[in-house]
Amino acid sequence: MDERAEILELLRENARYSVADLARMTGLDEEEAAATVEELEADGVVRGYQAVVDWSQWTAEPVQAHVELNVTLDRETSYRDIADRIAKFSEVRSLRLVSGDYDFALEVEADTMGEVSRFVSEKVAPVPEITQTVTHYIMDTYKDDGIVFDDEDDDERLSVTP
Amino acid sequence: MSRGEERGEERGDEREARSPLQPSDRVTSVPPSGIRRFFELAEEMDDVISLGVGEPDFSAPWAAREAAIASLEQGRTSYTANRGTRELREEIAAHVTKYGQEYDPDEEILVTAGASEAIDAAFRALVNPGDTVAIAEPAYVSYEPGVRFAGGDPLSVPTRAEDEFVLTPEVLYEHGADEADLLVYCYPNNPTGATMDREEITAVAEFCIENDVGVLADEIYAALTYSGDHASIATVDGMRERTVVFNGFSKAYAMTGLRLGYAMAPAEVIKAMNRVHQYTMLSAPTTAQYAAVEALRSCDDEVAEMRRQYDRRRNFVLSRFEEMGIDCFEATGAFYVFPESPWPDAGEFAEALLQEEGVAVVPGDAFGAGGAGHLRASYATGLGELREAMARIERFVD
Numbered sequence: 001m002d003e004r005a006e007i008l009e010l011l012r013e014n015a016r017y018s019v020a021d022l023a024r025m026t027g028l029d030e031e032e033a034a035a036t037v038e039e040l041e042a043d044g045v046v047r048g049y050q051a052v053v054d055w056s057q058w059t060a061e062p063v064q065a066h067v068e069l070n071v072t073l074d075r076e077t078s079y080r081d082i083a084d085r086i087a088k089f090s091e092v093r094s095l096r097l098v099s100g101d102y103d104f105a106l107e108v109e110a111d112t113m114g115e116v117s118r119f120v121s122e123k124v125a126p127v128p129e130i131t132q133t134v135t136h137y138i139m140d141t142y143k144d145d146g147i148v149f150d151d152e153d154d155d156e157r158l159s160v161t162p
Numbered sequence: 001m002s003r004g005e006e007r008g009e010e011r012g013d014e015r016e017a018r019s020p021l022q023p024s025d026r027v028t029s030v031p032p033s034g035i036r037r038f039f040e041l042a043e044e045m046d047d048v049i050s051l052g053v054g055e056p057d058f059s060a061p062w063a064a065r066e067a068a069i070a071s072l073e074q075g076r077t078s079y080t081a082n083r084g085t086r087e088l089r090e091e092i093a094a095h096v097t098k099y100g101q102e103y104d105p106d107e108e109i110l111v112t113a114g115a116s117e118a119i120d121a122a123f124r125a126l127v128n129p130g131d132t133v134a135i136a137e138p139a140y141v142s143y144e145p146g147v148r149f150a151g152g153d154p155l156s157v158p159t160r161a162e163d164e165f166v167l168t169p170e171v172l173y174e175h176g177a178d179e180a181d182l183l184v185y186c187y188p189n190n191p192t193g194a195t196m197d198r199e200e201i202t203a204v205a206e207f208c209i210e211n212d213v214g215v216l217a218d219e220i221y222a223a224l225t226y227s228g229d230h231a232s233i234a235t236v237d238g239m240r241e242r243t244v245v246f247n248g249f250s251k252a253y254a255m256t257g258l259r260l261g262y263a264m265a266p267a268e269v270i271k272a273m274n275r276v277h278q279y280t281m282l283s284a285p286t287t288a289q290y291a292a293v294e295a296l297r298s299c300d301d302e303v304a305e306m307r308r309q310y311d312r313r314r315n316f317v318l319s320r321f322e323e324m325g326i327d328c329f330e331a332t333g334a335f336y337v338f339p340e341s342p343w344p345d346a347g348e349f350a351e352a353l354l355q356e357e358g359v360a361v362v363p364g365d366a367f368g369a370g371g372a373g374h375l376r377a378s379y380a381t382g383l384g385e386l387r388e389a390m391a392r393i394e395r396f397v398d
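Sequence lines, in order, name chains A and B.
When we follow the numbering used here, the leftmost residue of the first sequence carries the number 1, and every step to the right adds one.
When we follow the numbering used here, the leftmost residue of the second sequence carries the number 1, and every step to the right adds one.
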């Protein structure tokens, strides 16, 4: 595995690894590790760093919804044009063009169900190319971004073994 | 008083002095494991980060677990053939060709309840009372008791830190192993993390052929080799007929609790080992055998991923010891490093470290001669805990 791939995999595992830790694990020196991280950022491979939050453990749990969008394109409008328009709203956590029964998969987050509903009905649905929206409210999250949400992480191995 | 009455009185005296359930001399002659004290100490304490664990922190690959579950759902809960299911023996035979090993699944492979059982069966099948079994140390703690339980005489052959804990003909001659009947060793090594390359293995093979010594090669960590390919002594010319190879699923596939290992050897040896096995174990755990078949068939990617994770942790731990100024040769296999103890007495250091900083490492002399003055630290623990453990060790030695 080349150095960039190795660093990228480690950052995906835990974006809070220090440069020193990345260097220790990969055998690079710290300058090389730091330069590789900067390169990944500069090239737009790494777009940002965020915590994966289990909102059920937090006092003010936001409402999240998965929204399916169907669109009809005309000669002047592309998928990219529609995506650019929708992606600018702060309520949109992710937006993907997908294959299958609908065109866009949208992750929406707001403080209340009412806000999510209003956002979909007042901001998204009126976009002329959008022909249909289907909103699925997220009821519970068991795994997000590769991380399983459970509390059963006790190490039950013997503390000292041969 | 007649002679017969005298004997009767003697027997009566013995009965009073000795409980009928008195442990045998053979068992009592074996001291408790050197790690027991640490285990007990660590168990009593809270907030201990244990680097004393000799098993993976991963779970077995899901496909293998699914196969185990499916076998239960299908009611496959009977004994299997003593030697293990034919399906599994065939998969093992195919799998070990990656190490250049060729064994007949019908006659030359025995599936056991962990590699530990295979090792015990080999001792009992091959060792006569009074036979000498040379043990390359530091070593897995069960070899010496196993030899004693079988009535043999263990002979310690300490490998040297300056040789990077590799077994050499010189050290074998130095400790009289040329007179031994058998030699048992483990590479990649628990506890040092040392590996032996083909040239080094060949030198030991030549010693064994020259001195007519049989070899018990514990290769349980073969899949966890970080530099170069694993070299098996059984693949050196003239060694196959004098070698028993042990391997298993505990380390590479993180299946310690499923208790499944195997031995490979010439047909006559496997036949003898199977005689011990069939009267003690009957057959290895059936559920685990189904899991193992699936593990061999479809879990190479998971094994590769676990090895990659261990390798990163190994680099991390070695680097941290280096930053602390603690000498630690570069372990190239298994999931242990074996740094020099910062204090002259590694046992005292390990105990103080445990009590003051809550980090459990095992003193090297628990693994026999050659381990004195060292510590075994396992990196089969998540990086977050490793980072904290190393920070605590650094604070302690400063």
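If you're looking for bench data, these hints aren't it; they were derived computationally from the structure.
Mixed in with the good hints there might be a few duds.
Keeping only pairs whose Cα atoms sit at most 20 Å apart, straight-line, the calculated SDA-like set for lysine to any residue is [unchecked claim]:
(1) K143/A to G228/B
(2) K98/B to G228/B
(3) K88/A to L40/A
(4) K123/A to W55/A
(5) K143/A to E13/A
(6) K143/A to S59/B
(7) K143/A to F58/B
(8) K123/A to E109/A
(9) K123/A to I86/A
Negatives, chain A to chain B, calculated, CB over 12 Å [claimed, not checked]:
(10) M1
(11) P62
(12) R93
(13) A110
(14) R118
(15) P128
(16) E129
One-sided and incomplete, this derived list gives chain A residues near chain B with beta-carbon spacing under 8 Å [as the list claims (entries may be wrong)]:
(17) D21
(18) R24
(19) M25
(20) T26
(21) A35
(22) V37
(23) E41
(24) R75
(25) S121
(26) V160
(27) T161
(28) P162
By construction, the Cβ of each residue, glycine as well, lies at the ideal position given by its N, Cα and C atoms.
Evaluated hints:
Note on K143/A and G228/B: the hinted pairing is violated, with a Cα-Cα distance of about 37 Å set against a maximum of 20 Å. In summary, the hint linking K98/B to G228/B is supported, as the alpha carbons are separated by about 13 Å, within the 20 Å threshold. Straight-line distance between C-alpha atoms of K88/A and L40/A comes to about 24 Å, which puts the hinted pair past the 20 Å bound. Taken as a hint, the K123/A and W55/A pair is broken in the structure, with Cα atoms around 25 Å apart against an allowance of 20 Å.
In summary, the hint linking K143/A to E13/A is supported, as the alpha carbons are separated by about 14 Å, within the 20 Å threshold. Simply put, K143/A and S59/B have alpha-carbon atoms about 18 Å apart, close enough for the 20 Å limit, and the pair holds. For a cut-off of 20 Å, the pair hint linking K143/A to F58/B stands: about 18 Å separates their Cα positions. Restraint check for K123/A and E109/A: satisfied, since their Cα atoms lie roughly 14 Å apart, inside the 20 Å limit.
For the given pair, K123/A sits about 8 Å from I86/A by alpha-carbon distance, which is consistent with the 20 Å threshold. With a closest Cβ-Cβ approach of about 8 Å to chain B, M1/A is found to fall inside the 12 Å limit, against its non-interface label. In this structure P62/A is separated from chain B by more than 12 Å, as the shortest Cβ-Cβ distance comes to about 27 Å. No Cβ of chain B approaches the Cβ of R93/A within 12 Å, the least distance being about 27 Å, so the stated non-interface status holds.
Its beta-carbon lying about 33 Å from the closest one in chain B, A110/A satisfies the requirement of being farther than 12 Å from that chain. At the 12 Å boundary, the C-beta of R118/A stays outside the reach of chain B, the nearest C-beta of that chain being 41 Å off. Against the 12 Å criterion, P128/A stays outside the reach of chain B, whose nearest CB is about 46 Å from its own CB. At the 12 Å boundary, the C-beta of E129/A stays outside the reach of chain B, the nearest C-beta of that chain being 42 Å off.
Taking 8 Å as the C-beta cut-off, the interface hint given for D21/A holds, the closest approach to chain B being about 7 Å. Restraint check, R24/A versus chain B: the minimum CB separation of about 4 Å is within 8 Å; hint holds. Of the supplied interface hints, the one on M25/A holds, with its beta-carbon coming within about 4 Å of a beta-carbon of chain B, less than 8 Å. For T26/A, the interface hint holds, the least distance from its beta-carbon to any beta-carbon of chain B being 7 Å, beneath 8 Å.
Against a cut-off of 8 Å between C-beta atoms, the interface hint on A35/A is violated, since the closest Cβ of chain B lies about 18 Å away. With a cut of 8 Å, the hint placing V37/A at the interface with chain B is violated, because the nearest CB-to-CB distance is about 16 Å. Proximity of E41/A to chain B is violated relative to the hint, the smallest CB-CB distance being about 21 Å (cut-off 8 Å). For R75/A, the suggested interface contact is broken, since its CB lies about 46 Å from the closest CB of chain B, more than 8 Å.
Interface restraint check for S121/A: the shortest CB-CB distance to chain B comes to about 42 Å, outside 8 Å, so the restraint is violated. This hint holds: V160/A has a C-beta 4 Å from the nearest C-beta of chain B, less than the 8 Å allowed. Interface restraint check: T161/A against chain B, minimum CB-CB distance 4 Å, threshold 8 Å, status holds. The criterion of a C-beta within 8 Å of any C-beta in chain B is met by P162/A, whose closest approach is roughly 5 Å, and the hint holds.
Of the hints listed earlier, those the structure fails to meet are numbers 1, 3, 4, 10, 21, 22, 23, 24 and 25, in rising order.
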